[in-house]
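Same order as they appear, the protein sequences are chains A and B. Be aware that the first sequence starts at 1, since it is given in my numbering, and climbs by one per residue. Be aware that the second sequence starts at 1, since it is given in my numbering, and climbs by one per residue.
Since the hints were made in silico from the structure, they are not lab data. There may be inaccurate statements among the hints.
If several chains are the same, the list does not tell them apart, and a pair holds so long as it fits within one copy or across any two.
With a straight-line cut-off of 27 Å between C-alpha atoms, the simulated DSS-like cross-links for lysine-lysine are [what the hints assert, rightly or not]:
1) Lys29 x Lys108
2) Lys155 x Lys108
3) Lys29 x Lys134
4) Lys23 x Lys155
5) Lys155 x Lys134
If you're wondering where the values come from, they're calculated on a predicted model, not measured in any experiment.
So the chains spell out like this:
Number of protein chains: 2
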Amino acid sequence: MTSLRIRFAAEQDVSLVLAFIRKLAEYEKLSHDVVVDEESLRASLFGATPAAEVLLAFIGDEPAGFAVYFRNFSTFLGRPGIYLEDLFVEPGLRGKGIGTALLVHLAKVCVERGYGRLNWAVLDWNQTAIDFYKRMGAVLLDQWTICRVSGHALKRLAERNVISSVTL
Amino acid sequence: MTSLRIRFAAEQDVSLVLAFIRKLAEYEKLSHDVVVDEESLRASLFGATPAAEVLLAFIGDEPAGFAVYFRNFSTFLGRPGIYLEDLFVEPGLRGKGIGTALLVHLAKVCVERGYGRLNWAVLDWNQTAIDFYKRMGAVLLDQWTICRVSGHALKRLAERNVISSVTL
């Protein structure tokens with residue numbers, strides 16, 4: 001038996017975090033969307049105002065998986081929560097409880113901070129993940145769809161002419 | 001013609017923000033999920049580490065709508081973005097461009113801060129909103145489903161026994 005250890009990532013872990021991000025994108029068939037590099041990741045995670053936190057799981061000294069998350073906010077609860085952006089376990093190490101351990105660790109962070117909920121998104125075709133999340137107590141919010149404006153569309157939206165007065 | 005003005009909410013606007021949250025919940029048929037009160041909202045929005053920002057729209061001196069949002073983070077972009085939690089325009093003032101003005105204002109905030117994208121979620125039955133968002137340049141991420149653990153399920157997850165070692 002080799003011990004499982006979970007800890008927060010520090011600045012010296014940036015290249016490991018980047019490697020996990022790329023492995024997750026490959027698994028999700030979304031590698032074409034990945035433009036992050038070590039410099040931008042370091043600035044975002046370990047700069048003056050960190051945009052996210054990272055948990056790392058190790059089996060002995062071997063990196064086994066990670067979770068990237070940030071604080072969100074529910075107006076209905078009037079309380080912050082956590083949004084889990086990425087969760088990944090090395091394919092060769094799945095089915096051993098490492099993903100569960102990461103998710104439970106994150107739920108503990110939520111509860112300790114007095115947060116109200118833990119959200120994330122799953123790809124519809126990833127039935128293995130969906131089944132796992134349901135076993136963890138997750139509800140799937142089927143009636144909601146995520147919208148996104150990014151890249152050129154975001155710039156165009158920002159430059160759109162808007163009204164300055166209204167006829168009542 | 002009466003002028004349209006958009007500004008950031010300040011602490012003295014808490015009761016107005018709360019009123020908008022409740023009106024939005026009513027419109028979304030989700031009033032049963034609303035437990036926020038003025039105290040928790042004030043602490044979350046105007047405490048030491050604000051969990052979200054709020055934009056308010058006024059027609060003359062009349063409150064017309066609001067947007068609540070917070071910073072999120074894309075690991076694939078390696079950059080922060082904005083997640084729009086709530087967007088609401090008074091029903092009697094719709095179709096005049098106030099929602100567009102709020103969304104454009106928010107896109108400007110994104111671009112000015114060097115953020116990569118603007119995300120939000122829409123209810124599947126709200127075709128008026130979906131059509132509006134598509135006109136604004138939004139893409140609907142149909143292949144993703146939001147998962148959530150909250151309340152008792154979150155506490156149970158946090159208390160779950162996890163492995164402390166792994167057989168390789």
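Hints and how they fare:
Proximity of Lys29 and Lys108 under a CA criterion of 27 Å is satisfied in neither setting, with 30 Å inside one chain copy and 31 Å between copies. For the homomeric pair Lys155 and Lys108, the shortest alpha-carbon distance between copies (8 Å) is at most 27 Å, but the shortest distance inside one copy (39 Å) is not. With identical chains, the CA atoms of Lys29 and Lys134 are at most 27 Å apart both within one copy (23 Å) and between copies (25 Å). For the identical chains of this complex, Lys23 and Lys155 are neighbours neither inside a copy (30 Å) nor across copies (31 Å), given an alpha-carbon limit of 27 Å.
With identical chains, the CA atoms of Lys155 and Lys134 are at most 27 Å apart between copies only, with a shortest distance of 15 Å across copies and 38 Å within one.
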